[in-house]
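Student: Each chain, letter by letter, is given below.
There are 2 protein chains.
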Amino acid sequence: MIVQSKSFFVSSEEKIYPAGEGISRRLVAYDENIMMVECSFEKGAIGALHTHPHVQTSYIASGKFEVQVENEKKILSKGDGFYVAPDVSHGCLCIEKGAIVDVFNPARRDFL
Amino acid sequence: MIVQSKSFFVSSEEKIYPAGEGISRRLVAYDENIMMVECSFEKGAIGALHTHPHVQTSYIASGKFEVQVENEKKILSKGDGFYVAPDVSHGCLCIEKGAIVDVFNPARRDFL
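Residue numbers (this note's numbering), protein chains in the order written: chain X, 250 to 361; chain B, 250 to 361.
Some hints could be false.
[Unchecked claim] Straight-line C-alpha distance at most 27 Å; calculated BS3-like pairs for lysine-lysine:
{"hint": "1", "chain 1": "B", "residue 1": "Lys-327", "chain 2": "X", "residue 2": "Lys-323"}
{"hint": "2", "chain 1": "B", "residue 1": "Lys-323", "chain 2": "X", "residue 2": "Lys-327"}
{"hint": "3", "chain 1": "X", "residue 1": "Lys-292", "chain 2": "X", "residue 2": "Lys-255"}
{"hint": "4", "chain 1": "B", "residue 1": "Lys-327", "chain 2": "X", "residue 2": "Lys-346"}
{"hint": "5", "chain 1": "B", "residue 1": "Lys-313", "chain 2": "X", "residue 2": "Lys-264"}
{"hint": "6", "chain 1": "B", "residue 1": "Lys-255", "chain 2": "X", "residue 2": "Lys-323"}
{"hint": "7", "chain 1": "X", "residue 1": "Lys-255", "chain 2": "B", "residue 2": "Lys-313"}
{"hint": "8", "chain 1": "B", "residue 1": "Lys-327", "chain 2": "X", "residue 2": "Lys-292"}
{"hint": "9", "chain 1": "B", "residue 1": "Lys-322", "chain 2": "X", "residue 2": "Lys-264"}
{"hint": "10", "chain 1": "B", "residue 1": "Lys-255", "chain 2": "X", "residue 2": "Lys-346"}
{"hint": "11", "chain 1": "B", "residue 1": "Lys-313", "chain 2": "X", "residue 2": "Lys-322"}
{"hint": "12", "chain 1": "B", "residue 1": "Lys-346", "chain 2": "X", "residue 2": "Lys-346"}
{"hint": "13", "chain 1": "X", "residue 1": "Lys-313", "chain 2": "B", "residue 2": "Lys-255"}
{"hint": "14", "chain 1": "X", "residue 1": "Lys-327", "chain 2": "B", "residue 2": "Lys-292"}
{"hint": "15", "chain 1": "X", "residue 1": "Lys-313", "chain 2": "B", "residue 2": "Lys-264"}
{"hint": "16", "chain 1": "B", "residue 1": "Lys-327", "chain 2": "B", "residue 2": "Lys-292"}
{"hint": "17", "chain 1": "B", "residue 1": "Lys-264", "chain 2": "X", "residue 2": "Lys-255"}
These are calculated hints, taken from the structure and not from any lab test. Everything numeric in this text was worked out from a predicted model, so none of it was measured.
Next comes chain X alone, as it looks inside the complex:
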């Protein structure tokens, strides 16, 4: 059972988790069915192609990324986004330092 998150998240008060070379992760809000995560990337950092059974919706909060979903690649910047169906391969290359807000359904228990 995942405990339902608190109501308010102030970024300066939240724990930052390492998530690979040049990548860090901060939980924002979650319960059993949904989990919002802010992922920060240094320029050149690579989110390697991977799959998971969770649906993922993502929003580019800052920076610029080459995002791959299945066999398609696209350059995305602040305000853009992408959708990943369950078990579909996806990854990214950070072109300009920034952050992506990933939201999963159901929650990523492996992130707790």
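For chain X, the structure is supplied; the task is to place chain B on it using the hints.
Tutor: Positioned in the frame of chain X, the structure of chain B alone reads:
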């Protein structure tokens, strides 16, 4: 049945919907179970207190907001976030022009 969204969303190519005085809305990515929406606010715009049966996780993409969840208020800025359980009252006042990324579970069929 909600059609599953496409993979990539480029903000300049997406339709902007009016969503109240000084507020506009842009769909980002969605399927039956999850829906990501970017809500842009002019300074002074008010997201009136309301409830819905959907869980909501929200991320402040830019600007500054006074956010109310149930009986608690908090000033939130870029990188902060909040969580709203089903049927819990919430709303916001925009203090500095900006955008909030709201993600709902399940999808908001009323936004399609």
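Student: Indicate, hint by hint, whether the structure satisfies it.
Tutor: Against the structure, the hints come out as follows:
1. B:Lys-327 / X:Lys-323: The hint holds at about 25 Å.
2. B:Lys-323 / X:Lys-327: holds (25 Å)
3. X:Lys-292 / X:Lys-255: violated (32 Å)
4. B:Lys-327 / X:Lys-346: holds (16 Å)
5. B:Lys-313 / X:Lys-264: holds (22 Å)
6. B:Lys-255 / X:Lys-323: holds (13 Å)
7. X:Lys-255 / B:Lys-313: Distance of about 20 Å is within 27 Å: holds.
8. B:Lys-327 / X:Lys-292: holds (20 Å)
9. B:Lys-322 / X:Lys-264: holds (22 Å)
10. B:Lys-255 / X:Lys-346: holds (26 Å)
11. B:Lys-313 / X:Lys-322: violated (33 Å)
12. B:Lys-346 / X:Lys-346: holds (23 Å)
13. X:Lys-313 / B:Lys-255: holds (20 Å)
14. X:Lys-327 / B:Lys-292: Measuring from Cα to Cα gives roughly 20 Å; hence the hint holds.
15. X:Lys-313 / B:Lys-264: Roughly 22 Å between the alpha carbons, so the hint for Lys-313 (chain X) and Lys-264 (chain B) holds.
16. B:Lys-327 / B:Lys-292: holds (15 Å)
17. B:Lys-264 / X:Lys-255: Answer violated: Lys-264 (chain B) to Lys-255 (chain X) is near 33 Å, above 27 Å.
Comparing the model with each earlier hint shows violations of hints 3, 11, 17; every other hint is respected.
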